[in-house]
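So the protein lines, in turn, are chains V and C. At position 103 of the first sequence the residue is numbered 103 (this note's numbering), and the sequence of numbers has no breaks. Take any residue in the second sequence, count from 1 to its spot, add 340: that is its number in this note's numbering.
Calculated from the structure, these hints are not laboratory results. Certain hints may be false.
As the list claims (entries may be wrong) - To list a few chain C residues with every Cβ distance to chain V over 10 Å, as calculated:
{"no.": "1", "residue": "Phe366"}
{"no.": "2", "residue": "Glu476"}
{"no.": "3", "residue": "Ala559"}
{"no.": "4", "residue": "Trp585"}
What the hints assert, rightly or not - Only pairs whose alpha carbons sit at most 30 Å apart, straight line, appear in this in silico DSSO-like list of lysine-lysine:
{"no.": "5", "chain 1": "C", "residue 1": "Lys552", "chain 2": "V", "residue 2": "Lys127"}
{"no.": "6", "chain 1": "C", "residue 1": "Lys549", "chain 2": "V", "residue 2": "Lys155"}
{"no.": "7", "chain 1": "V", "residue 1": "Lys190", "chain 2": "C", "residue 2": "Lys552"}
{"no.": "8", "chain 1": "V", "residue 1": "Lys190", "chain 2": "V", "residue 2": "Lys127"}
{"no.": "9", "chain 1": "C", "residue 1": "Lys421", "chain 2": "V", "residue 2": "Lys127"}
{"no.": "10", "chain 1": "C", "residue 1": "Lys730", "chain 2": "V", "residue 2": "Lys332"}
{"no.": "11", "chain 1": "C", "residue 1": "Lys507", "chain 2": "C", "residue 2": "Lys421"}
{"no.": "12", "chain 1": "C", "residue 1": "Lys364", "chain 2": "V", "residue 2": "Lys155"}
{"no.": "13", "chain 1": "C", "residue 1": "Lys364", "chain 2": "C", "residue 2": "Lys549"}
{"no.": "14", "chain 1": "V", "residue 1": "Lys155", "chain 2": "C", "residue 2": "Lys507"}
No residue lacks a Cβ here, since even glycine has one placed at the ideal position from N, Cα and C.
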Amino acid sequence: MKIEPFASFTGTPVLDNAPSADLAIEARGLVKRFDGFTAVDGVDISVPRGAIYGILGPNGAGKTTTLRMLLGIIDPDSGYRRVLGHERPTEVARRIGYLPEERGLYPAMKAVEAIAFLAALRGVPLKEGRRRGQELLEQHGLGYAADRQIRQLSKGMAQQVQLLGTLVHNPDLVVFDEPFSGLDALNQGKLERMIRSLAERGTTVIFSTHVIAHAERLCDQIAIIAGGKVPFAGPVDAARDRLRPQVRLETRAQDGPWRAAIPADARHEGRFWFFTLPESGVEPLLRALIEGDAGILSLSIERPGLHDAFVSIAGEAAARALEESAQEEAEKANQKKGRR
Amino acid sequence: MLRNHFAAAWVIMRRDFSAVIFSKTFIFFLIGPLFPVFIGAMAAAVGSQVSRDIDNPVIGIAMPAHQGDAMVAARGSLAPKMSGFVPEYTVLARLEPGEAFDARTVLASKGVKGAPQLAAVVTGTLDKPVLTGSSERVDQWRGQIALIAAEAGAPGPRTFPEVKEDKIATTAAKQHVDLAVTAQAGQVLLFLLTMLLAGMVLSNLVEEKANKIIEVLAASIPMDALFLGKLFAMLAVSLVGIAVWGSVYGMLMLAGMKSIPLLATPAVGWPLFCVLGFLYFAMAYLLLGSLFLSIGGMATTVREVQTLSMPVTMMQLMVFFFASYALARPGTWIEVASLVFPVSSPFAMLAQAAQSPVLWPHVIALVWQAVWVGVIIRVGAQLFRRTVMKSGPARGRKSRVGGWLRRSTKAA
Numbered sequence: 001m002k003i004e005p006f007a008s009f010t011g012t013p014v015l016d017n018a019p020s021a022d023l024a025i026e027a028r029g030l031v032k033r034f035d036g037f038t039a040v041d042g043v044d045i046s047v048p049r050g051a052i053y054g055i056l057g058p059n060g061a062g063k064t065t066t067l068r069m070l071l072g073i074i075d076p077d078s079g080y081r082r083v084l085g086h087e088r089p090t091e092v093a094r095r096i097g098y099l100p101e102e103r104g105l106y107p108a109m110k111a112v113e114a115i116a117f118l119a120a121l122r123g124v125p126l127k128e129g130r131r132r133g134q135e136l137l138e139q140h141g142l143g144y145a146a147d148r149q150i151r152q153l154s155k156g157m158a159q160q161v162q163l164l165g166t167l168v169h170n171p172d173l174v175v176f177d178e179p180f181s182g183l184d185a186l187n188q189g190k191l192e193r194m195i196r197s198l199a200e201r202g203t204t205v206i207f208s209t210h211v212i213a214h215a216e217r218l219c220d221q222i223a224i225i226a227g228g229k230v231p232f233a234g235p236v237d238a239a240r241d242r243l244r245p246q247v248r249l250e251t252r253a254q255d256g257p258w259r260a261a262i263p264a265d266a267r268h269e270g271r272f273w274f275f276t277l278p279e280s281g282v283e284p285l286l287r288a289l290i291e292g293d294a295g296i297l298s299l300s301i302e303r304p305g306l307h308d309a310f311v312s313i314a315g316e317a318a319a320r321a322l323e324e325s326a327q328e329e330a331e332k333a334n335q336k337k338g339r340r
Numbered sequence: 341m342l343r344n345h346f347a348a349a350w351v352i353m354r355r356d357f358s359a360v361i362f363s364k365t366f367i368f369f370l371i372g373p374l375f376p377v378f379i380g381a382m383a384a385a386v387g388s389q390v391s392r393d394i395d396n397p398v399i400g401i402a403m404p405a406h407q408g409d410a411m412v413a414a415r416g417s418l419a420p421k422m423s424g425f426v427p428e429y430t431v432l433a434r435l436e437p438g439e440a441f442d443a444r445t446v447l448a449s450k451g452v453k454g455a456p457q458l459a460a461v462v463t464g465t466l467d468k469p470v471l472t473g474s475s476e477r478v479d480q481w482r483g484q485i486a487l488i489a490a491e492a493g494a495p496g497p498r499t500f501p502e503v504k505e506d507k508i509a510t511t512a513a514k515q516h517v518d519l520a521v522t523a524q525a526g527q528v529l530l531f532l533l534t535m536l537l538a539g540m541v542l543s544n545l546v547e548e549k550a551n552k553i554i555e556v557l558a559a560s561i562p563m564d565a566l567f568l569g570k571l572f573a574m575l576a577v578s579l580v581g582i583a584v585w586g587s588v589y590g591m592l593m594l595a596g597m598k599s600i601p602l603l604a605t606p607a608v609g610w611p612l613f614c615v616l617g618f619l620y621f622a623m624a625y626l627l628l629g630s631l632f633l634s635i636g637g638m639a640t641t642v643r644e645v646q647t648l649s650m651p652v653t654m655m656q657l658m659v660f661f662f663a664s665y666a667l668a669r670p671g672t673w674i675e676v677a678s679l680v681f682p683v684s685s686p687f688a689m690l691a692q693a694a695q696s697p698v699l700w701p702h703v704i705a706l707v708w709q710a711v712w713v714g715v716i717i718r719v720g721a722q723l724f725r726r727t728v729m730k731s732g733p734a735r736g737r738k739s740r741v742g743g744w745l746r747r748s749t750k751a752a
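Model the full structure from these sequences, guided by the hints.
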């Protein structure tokens with residue numbers, strides 16, 4: 001039985017006895033509760049090897065908790081995960097690089113020592129770690145800061161040092177939690193280039209973000225998390241295809257029989273009509289406009305961006321989650337009443 | 341897998357050890373325990389001088405004619421033969437027959453500056469001496485005065501028989517007591533060192549939590565490797581401290597040409613006793629340290645650690661008192677319990693090394709203690725993951741206990 005990597009992720013998990021070797025990460029039905037609050041509720045994720053995979057979601061959606069479960073920092077209450085072919089992520093910790101959302105290094109350590117320490121944690125001998133650290137710092141224009149203590153560096157520089165420490169052991173899988181937060185525009189661009197070059201070398205990159213533009217530019221695949229659930233997982237294009245294209249029409253005539261071809265919920269602003277492309281497609285609309293002598297001045301059909309898709313998918317999921325929680329509350333209240 | 345565990349622990353140990361050793365504050369750690377030694381030595385020197393000045397009692401003699409001189413002479417001949425302290429005698433007055441002497445007035449007066457202060461006065465005659473002084477002094481010296489007066493009144497010089505000496509090294513009873521003293525001294529030293537050093541471990545994980553580096557550590561290495569590395573780093577730091585303090589003490593002893601206080605040779609001999617002392621210190625440190633590391637791991641701030649340090653010190657004291665109490669009850673279930681109970685076992689076993697030459701129980705005890713170090717580290721690491729890193733099932737007894745511990749330290 002083969003895993004359906006990017007199928008619908010809300011049903012019963014479909015698992016293979018021998019998992020696909022093409023997947024760097026596969027997780028099914030991950031659940032995590034904290035003090036009665038369900039932070040992650042049945043998350044399924046499949047990340048192909050060598051892909052750039054984005055986990056998108058609003059604040060508090062469960063992105064970090066999901067990543068922490070995938071890394072083995074915390075264990076799920078239920079569900080299944082396999083990272084680089086191992087069910088215990090800590091067994092392959094030496095092949096993983098991790099940059100947490102809350103960055104942290106020992107302030108008294110020198111930059112090069114900090115990188116060597118992070119390398120040593122992943123099994124690289126200290127001497128080799130120092131050599132690689134020095135090399136990486138020089139490559140990224142930070143060679144002059146190699147012997148400075150972390151506390152003497154700016155926040156951005158310290159963040160870059162930690163980023164280099166995340167990659168110093170040449171991991172097969174890199175996990176970044178909100179990697180762009182705290183970086184200026186120049187460094188964000190630099191990081192995007194670094195992520196692309198990692199993927200080109202065959203490294204799997206998974207990162208969480210709530211800034212959709214980064215995911216749209218970088219990711220091959222995404223998972224949208226909202227309210228602890230994954231309402232969508234798959235290629236970026238598939239997410240965008242969830243929404244119908246948007247039509248912007250400008251006509252010379254203001255009225256006529258052609259108006260019947262315009263959807264009832266279309267928005268009329270000045271000379272422009274805005275509406276979602278009907279299911280029947282663009283041809284019947286064009287025909288009606290021409291035959292009805294509408295006088296087409298301009299017509300544009302735009303494919304929705306990932307941002308729109310995200311707002312729609314996450315919004316729906318959040319609304320569903322809100323509804324479900326209200327229902328649960330109501331049921332609990334009824335049960336209490338019944339007991340009384 | 342196990343190799344990776346130890347390699348990870350080594351990385352943590354190396355980082356922590358060098359972070360402590362090369363920090364500027366380490367010098368204060370080293371000289372800290374020497375302050376009480378220097379202050380104690382100074383206080384002892386001043387105290388002994390004051391004591392010599394104050395507590396050098398003199399008994400005044402006011403007796404008819406030559407009787408006072410006879411008392412001083414008799415004191416001179418008997419004092420070397422008497423054990424215990426015999427005060428100096430000084431003749432205050434050689435009284436004419438029928439002459440009165442008011443001893444109470446003399447004792448009440450402040451006397452002449454520079455002259456010795458009188459603690460008591462002997463009046464009357466050699467047949468009927470009268471000792472005037474405070475109640476304690478009279479009770480203390482009544483027997484001495486009677487003996488010296490009898491000697492002073494005896495006709496002609498008395499010769500004392502020479503006692504032939506037949507000294508034996510020790511008696512069974514003395515040996516038992518001496519070994520118990522050595523055992524207790526070993527326990528006290530072990531306790532002082534662990535109390536001084538094991539508490540440091542309490543705040544060991546606060547740095548990682550404050551720096552947020554704990555996330556990277558938790559993702560990179562097993563939590564028990566982190567605990568193990570931290571524990572051994574602090575043990576190594578402690579050993580550096582002990583080496584420095586021991587060297588300073590040794591140099592002071594050499595400079596003062598004094599030997600260490602004489603203790604009976606332990607049953608296993610001094611070299612082996614020292615080796616076992618080292619091993620039991622390491623075990624006591626690791627056992628208490630792993631416990632403190634686990635408890636301290638629940639704390640999120642330095643304030644919480646400070647709140648925890650007092651109960652932790654009390655716990656150490658209780659362990660020490662238990663082991664000391666068991667020392668005085670050989671062969672009872674209390675002794676067995678102190679040997680078996682993991683945290684008191686190193687103390688009790690060191691006492692055993694002083695009192696019994698049998699070696700195999702030490703092998704078993706060291707293995708037993710090492711197993712418990714492993715168990716505590718394992719449980720502590722799991723507890724840390726469950727409560728601090730928020731892992732594992734949200735329900736369950738253990739997580740509730742961890743939560744309670746955290747809540748109670750927060751409330752404190």
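The hints, checked one at a time:
no.: 1; hint: Phe366; in the structure: 12 Å, holds
no.: 2; hint: Glu476; in the structure: 62 Å, holds
no.: 3; hint: Ala559; in the structure: 4 Å, violated
no.: 4; hint: Trp585; in the structure: 25 Å, holds
no.: 5; hint: C:Lys552 / V:Lys127; in the structure: 25 Å, holds
no.: 6; hint: C:Lys549 / V:Lys155; in the structure: 18 Å, holds
no.: 7; hint: V:Lys190 / C:Lys552; in the structure: 24 Å, holds
no.: 8; hint: V:Lys190 / V:Lys127; in the structure: 28 Å, holds
no.: 9; hint: C:Lys421 / V:Lys127; in the structure: 75 Å, violated
no.: 10; hint: C:Lys730 / V:Lys332; in the structure: 26 Å, holds
no.: 11; hint: C:Lys507 / C:Lys421; in the structure: 18 Å, holds
no.: 12; hint: C:Lys364 / V:Lys155; in the structure: 25 Å, holds
no.: 13; hint: C:Lys364 / C:Lys549; in the structure: 22 Å, holds
no.: 14; hint: V:Lys155 / C:Lys507; in the structure: 79 Å, violated
When the structure is compared with the earlier hints, violations turn up for hints 3, 9 and 14 and for no others.
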